[in-house]
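J.: Sequence:
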Amino acid sequence: MDLHAKAGGVFPGKAPGLGPAIPSGFDPDLEPETKKREAAPGATMSPTKKRPESTSAVTMSDLQQLLAEQTFTLQSHQHEAIKAAVHELRDSTRAELGGIKATLSKHDDHILQLRDAQDRMELRLTTLEQKGVTSSAGSTADERAGQMDLMIVGGWEENTPREVLLAELKEALETMGIPDFFRDYFTIGPRKGFAMCLVATTANEAPQDLKRRMIFTAQQIRQQNYKAPSMREGKTLRATLGRTAAERQRAAHVGKSKRLVLEFNQDVLPYTDSEWGQGNFWLNGTVCSSSTRPPPRDAKTAAGKSPGSWIDLGFIARSIGANLDDLAVCIPEQQLDVITPPPSGSTFENPRDRPNKGRPLPTPALPRVLELACFTWNIGGKPLEDAIKSLCLTSPVYPDVIAFQEVARRAVGWKSDQIDQFTIVQTRHDSQWRGNALAFRTDGFSLVQGKSCPHGIWIKLKHKDTGQQIWYGSLRLDTGCTADVAAEQTQILMQTLPNTPLPVLLLGDWNTKLRWTGRASRGEVRPVDGRGDYVTSEVHDRGLKFVPPAPAQWMTPTSRPRRANAAGHQIDGAASMHARTGTVTIFPDSYKLIGGDHDFLRVPHRLRTSCQRPGERRTTQPRTVTGKLPSVTRMDQTIMERLAARLTKPRRSCTYRDPEEVKNLYRRAKTSGSEHDWKTAHKARRTAHDKWRTAKLEEAASGNWAAMKHTKQHAGNEWAVHYIEASDSNQQEPLKWTVEHFRALFQAPAPRQPPCWTKEASQGQPITVEEVNNAVDKGHTNKAVGEDLTSFELLKALVKDPPTGKAIADWMERIRQGEEIPESWTRMIVTLLPKVDKPQGPGDLRPISLGSSIGKTFGTILLARTRYHIAPQGAAQCAHNGRQTSDFLFTALRSFALDSEWKMGLCWAKLDVQKAFDSLNRDRALRLLRDKLPSDMSLEYNCWKRLFEESVAILRTPWGDAEIVQSRGIRQGAVESPWIFAVAIEAALAEAQENRDWPKTIPAAPGIPVSEILFMDDSLVWAADRPMMVTKYNLLRQHLAEWGLRINAAKTRYYVSPYSTTPGPIHLR
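Residue 6 is where the sequence shown starts when you use this note's numbering, and the numbers rise one by one after that.
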């Protein structure tokens, strides 16, 4: 049947529901004449007429093919859907099975523990039945009797499997020859770190004999120092007598009492006594905590966790000088009775409190609560300088930590700046328009660690006075996002914070309405919408709690929108964990200070600390003389340090300071509170700073380069934020990473063998006043000082007085004759300077030594006498007197020019010595001095020998200080360092050149006298071809190794002339 396909799926000639379709093919009788002619056989159409569209008939095979394609498509889609459903079902089933398996594992452990407990109970009942014990099981005597034959054997890790532990215990007992001492041993769980052992007893053995035998066995086990295969390094087998539950509670009570006292004052440790078995603790001869004795009458005590236990907090507070509230905070599980304040006057006011033994307590380190002022402010892209200046002027307390949000846009990544007294650490992710920042006082904190995410920043700070570490955070959630997006952003920020027991304080702009209710003691946050509910849930799930403001400010807004008829809300706040905080204080209208749209908030953060501060760092700032110097007839190190401490002080900084007119503008703005006045003051300050900077640059352009340094307002540790980021990626702790690196660098790998003087010894020439004056004149002023605080400003003022100059010369001569060199001269403060902008490890840090100025004076005198007798060994070293860097550069460029002109085909190698100053072998340098100095310089040589003895490097890092014994290398910063190192490198090159295998000339240019050039440790060597270069490199490397030096392959460069006959790279060891 011939059918025409039509759109709509209904065939023509067939109405729905009728019979077979009527044929609709071509019928000549029904067509017009024109169409008849066109359709007639052999007829041709006119070329000007439009040809009819061709029609194609749909056959049954076409329909079958169409249906087959549709069937295949449907089958493919169904197959993919079923496959995806099967995968999803398999994943969900696997997850559920994993959870069920974990639950079953926990249940198995619980069942095993129950079985163990049942076995022990049955064993105990059997023992009681055999012994005929009929008394109460809860009495102390019966409890002790049931534990008489029990010993605890341990030393394994906490989660050691039972089968491993018992097998190793059996092997240990057999090794020590006591396999039958225990009749049984077991663990009370599937994974433990100790075993409970029952001692084999005899029928007629008395309890005292059994206990004596158990004590003797425990001592023998300890003395064996047996280490099982699965024990950690340093752990050995230990045994002790078993204790009852009551005895363990009593011992725990004593331990808590002792920790409480020592946490506040460790100096009282010699005045404490403990009776662990009875739960008694003495402080200075008086029982202040007990589990078995009745409490003293009229004493205000706190109840302990152990039944019948108590602790006299009032007596402890009076004895160690602690605050009673601080003591109470440390024992949250104990409920305090009503305690009256301690009486004033003596430490022991009550007769009961007087010590029985009559020994006085040491002077107590009075604990105190240090309150840090923490602020948070969304500055909306305003300048940080304006925000810090305004906050410091208007806040009732000086800020310690400030969290900023919406900081002005900068490059992506971490940045660190110094503004006034604050270090600013900020970061911005590529998805942020503006970043977050945290500012902290440079003199109060040091940066330890940093974490960031697209919604906030976390930094861990170490408080310098207390040594405590705190996590501070700054966040800003996006505006206009849905509740689930805000919850996700909060969750990401919370996941960025590492798990920590340290105090945590999160400050920022939550962009969520914060409402408060009085259900808690100070107030509790109450969400008012879905966004607030999600955000608070994420914060609480992480363990943080929102810090409420005072009830009077529960409805005070912190946002101040600029739109007309727009009301602000309280959307800024703080949350804390493990931290003692006060109530939040909102400063209304503080947005006017910078023209922003948020007010700033203050959160008091309280630290419990002791008045005994850790050893404070001595400042190394340049110093200036402040008073009239006395005339001294005898000088030594003690007198010099006393003069430096009393008559000098740190030099005033030359950085920018506000002129008086700017200060007046700020005073007027602070008085009026007008936003216009604040803007005027900020603008005037920026203008004054620009003028000051321009003047300094002009001064530097005229030749005073020190003025350029003054324009850079920094603290010197901006690189620390990048270093911390690198240490975190390498899973290293910054301080430990740095100290271990420089300890390995400063300490010699083998014991030293300093050479002795072998020539004839003579007294030589004494040190004169002229030599002292010349040495002092060469000293540079306005430089950082060492640990003894002596400076060349002080020395130049002292030598102006002839008697004092004579006294200094006599002192120098006594040291030359053999008097002991002052310890301060060999204790160097080592500061770290970055070699690159973003150091990625300790190798990118350069140690600079800050030593005693009077010690440098003595070194200058020795150096002047020594250089007279040690002349340059050739033309290679350009660091000697009369030579300069231009000689090095000219020689290098001239060799390139000659090769281009004569086409000699040379090759060059630029060599760099790795850690040159810090790795030089001191004994090898002393041998050079001994061989070169004449016989009348024996005393000077002995002085060099004593100066090269082991010294102490006080390594200063942003995260703390460490002392390292330095037994090799030359101190960078000492006056003799450059000259000795230049001589050492020149001597190594000269020794290599004396080798018969060293290429003496270049065949293509035999008239060139020089093929090596040096400037300190930077070496440029050229040769005729690649084999000659390899020979030179190997010989020089061998002779440098004798001086303790190695070539840094990473910084070595190889250059080849285009006319070389041996092109290609070079392979060096």
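Please note: incorrect hints may appear among the correct ones.
Calculated cross-link-like contacts (lysine-lysine; reagent style DSS-like; alpha-carbon spacing at most 27 Å) [said to hold, decoys possible]:
id, residue 1, residue 2
1, 783, 950
2, 741, 467
3, 741, 843
4, 456, 840
5, 675, 597
Hints in this document: simulated from the structure, not taken from any laboratory.
J.: Provide an ascending list of the numbers of those earlier hints which the structure does not satisfy.
T.: none
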